[in-house]
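Listed here are the chains, written in short residue letters.
There are 2 protein chains.
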Amino acid sequence: MAVQNVRIALSGLGNLGRRFVRLLADKKVYLHERYALDLVLVAAADSHGAAYDANGLDPSLILRTKQLAGTVAAYPEVGRPEMSSLDLVRQVDADIWCDATPVNLANGAEPGTSCIREALEKRMHVVTPNKGPIVLYYQELTYLAAENGVSLRYSGTVAGGLPALYIGTRALHAAMIDRIEMVPNLVTGLILDLVGSGTTWDDALALARREGVLEADPAWDLDGWDAAAKLVIVANSVLSYPAKLEDVKRSGISGLSLEKIRSEFERGRRMRLLARATRTDSGYSLIVAPHTMPSDHALGRLGPREMGITYYTDIYGTVTATIKEETPLPSAATMLRDILDIMLETEDR
Amino acid sequence: MAVQNVRIALSGLGNLGRRFVRLLADKKVYLHERYALDLVLVAAADSHGAAYDANGLDPSLILRTKQLAGTVAAYPEVGRPEMSSLDLVRQVDADIWCDATPVNLANGAEPGTSCIREALEKRMHVVTPNKGPIVLYYQELTYLAAENGVSLRYSGTVAGGLPALYIGTRALHAAMIDRIEMVPNLVTGLILDLVGSGTTWDDALALARREGVLEADPAWDLDGWDAAAKLVIVANSVLSYPAKLEDVKRSGISGLSLEKIRSEFERGRRMRLLARATRTDSGYSLIVAPHTMPSDHALGRLGPREMGITYYTDIYGTVTATIKEETPLPSAATMLRDILDIMLETEDR
Chain L
1 MAVQNVRIAL
11 SGLGNLGRRF
21 VRLLADKKVY
31 LHERYALDLV
41 LVAAADSHGA
51 AYDANGLDPS
61 LILRTKQLAG
71 TVAAYPEVGR
81 PEMSSLDLVR
91 QVDADIWCDA
101 TPVNLANGAE
111 PGTSCIREAL
121 EKRMHVVTPN
131 KGPIVLYYQE
141 LTYLAAENGV
151 SLRYSGTVAG
161 GLPALYIGTR
171 ALHAAMIDRI
181 EMVPNLVTGL
191 ILDLVGSGTT
201 WDDALALARR
211 EGVLEADPAW
221 DLDGWDAAAK
231 LVIVANSVLS
241 YPAKLEDVKR
251 SGISGLSLEK
261 IRSEFERGRR
271 MRLLARATRT
281 DSGYSLIVAP
291 HTMPSDHALG
301 RLGPREMGIT
311 YYTDIYGTVT
321 ATIKEETPLP
331 SAATMLRDIL
341 DIMLETEDR
Chain Z
350 MAVQNVRIAL
360 SGLGNLGRRF
370 VRLLADKKVY
380 LHERYALDLV
390 LVAAADSHGA
400 AYDANGLDPS
410 LILRTKQLAG
420 TVAAYPEVGR
430 PEMSSLDLVR
440 QVDADIWCDA
450 TPVNLANGAE
460 PGTSCIREAL
470 EKRMHVVTPN
480 KGPIVLYYQE
490 LTYLAAENGV
500 SLRYSGTVAG
510 GLPALYIGTR
520 ALHAAMIDRI
530 EMVPNLVTGL
540 ILDLVGSGTT
550 WDDALALARR
560 EGVLEADPAW
570 DLDGWDAAAK
580 LVIVANSVLS
590 YPAKLEDVKR
600 SGISGLSLEK
610 IRSEFERGRR
620 MRLLARATRT
630 DSGYSLIVAP
640 HTMPSDHALG
650 RLGPREMGIT
660 YYTDIYGTVT
670 ATIKEETPLP
680 SAATMLRDIL
690 DIMLETEDR
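Same order as they appear, the protein sequences are chains L and Z.
For the first sequence, the positions run 1 to 349 when the working numbering is used.
For the second sequence, the positions run 350 to 698 when the working numbering is used.
In isolation and in its complexed conformation, chain L is listed as follows (with noise of 0.2 angstroms):
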């Protein structure tokens, strides 16, 4: 079997992208042996500049010279110190382009939108766990990708790593979904179990922010628009369901008492933001609330690095999935997901 080459051009060497410039690393032999694909990252961009090289870079040297550099702009040879990723997109000759810039709706997920949109026109598939351009423009992306005859993958858009999109859009087929509850942040599930059994409010935000799981704003994770972005992305890509983020009735947890968190946390349940998605005559009602959990629940137990979601349907009972992140490495991994699953989709076979 010929290995066949698959060139990857990669925006955004934040957390995830290095995590994921890693992983192509060290699953190279493994995705030889496997599935007869040799993923070359041919070019990587970050807010400072960008590195194209045809033949390929190195992912170690990428990473070192990110580490001592700060940007891979300083690459030796082919770093590019006056390009940004627009500027990238334009000129790399790639087959995937991964976006794993940060979620940034304030300006219209820029620059993520505005590079994911050249690169479905110039026929490259997109693959990102970027929430925002998905949520903002899911419509028109999904039509860009489909008029442009490649695929666009965002599985790690929806609680990390959890293969939610999956379940949903290929494993229920033929179903109607009557209901969609989801568990899909997990800073807020890890902030209300530390006030829950005793922390003070800022100690539990500044340990999450420590562990570099809370956003930068964290307005984002608390107020509960983190959680509405993924219902959004699940009521589009799931249930078909056209909704925008304003159409869901949002709370956060920033206004939940002490009492009230740290008494339900006494008697043995656990407080989630929960995200839900019910069925009405005209289409479906979009909550996200912090929510008590029953313990009979399949959310019901989930621990603090914990994520769900449960689908109730017609015809194949009611499924749950959960996933238990230690790490960001699964959320940096869906990008691999993504790619494969694209891969293994457009070959013969």
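I should point out that these hints are in silico values taken from the structure, not numbers from a laboratory.
All C-beta atoms in this analysis are idealised placements derived from N, C-alpha and C, irrespective of residue type, glycine included.
Treat the hints with care, since some could be wrong.
What the hints assert, rightly or not - Straight-line C-alpha distance at most 25 angstroms; calculated DMTMM-like pairs for lysine to aspartate or glutamate:
#, chain 1, residue 1, chain 2, residue 2
1, Z, Lys-377, L, Asp-314
2, L, Lys-260, Z, Asp-645
3, Z, Lys-609, L, Asp-296
Stated by the list, open to error - Over the 12 angstroms line for every Cβ pair with chain Z, so calculated as not near, a few chain L residues:
#, residue
4, Gln-4
5, Ala-54
6, Gln-91
7, Glu-246
8, Asp-247
9, Pro-290
With chain L fixed as given, assemble chain Z onto it according to the hints.
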């Protein structure tokens, strides 16, 4: 979009087969609208005969005929009392062969195995929730399907409607799976919880039998053969580990003492028949045995109508999926899942 006709032939009109026939009727309009597919049942067989009409049989009339006459062979005009399922597969012109005959390992899982072989050789896709042929002839049948360029799908062979195989084979690409733990059998969990809460062993068996969840030969469930068969299928298809039934170290629940079951139950812990695959230096070790589930295990709080599977991976964290099945409908629906999966995958998109 033109509607595509998919001709289906079904062998087996027991609990699963009949529910599948009803599903075809109930979901007809939806499948038309959502997927532009018309699933036409052109033939059906039971142990007394068959009916075959290239223009399509009427699902309601099949069910009525089966109920009144005990066999589909009494179907008006096109019923064939003399025709076996093997005769049928040889004569029928169809796109997909569905085998919903009961598990029967004693004689080489016949007539399922011969029919599936014949169907694959005739280049029909095959869909089956019947563990027998898959567990006994996994290598041969998957090879035969590949050689003939058709699909063999059996998502209903493991844990009913739970998409356990879909997750393992499609959502965990590139992962090293260190361990799989599963509670793949409903009836043993039901019996253990009944006995734990004070029901006698005999009454628990009688109740399970009345509900139709206990196989005709109770040893199949109680001695762990069912769980072992499911573990072998998972080992082959997810782990690419060519295990056979005799490779499973197996003990069932019949040997458990009432005292043990009750004392665990009273302490709030659940006993379940656990199937486990653990990676070793040379492959995987496979074990089926009763196990007191720790309450913080993702499968530690399963109710008596629930099954589940946990994958321990190197790059996607720990992923668990569970299902609550109140009736055998989800198991029957796996045939619809598999058919749609084949049709949506093989069409141009």
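- Which of the listed hints are not met by the structure? none
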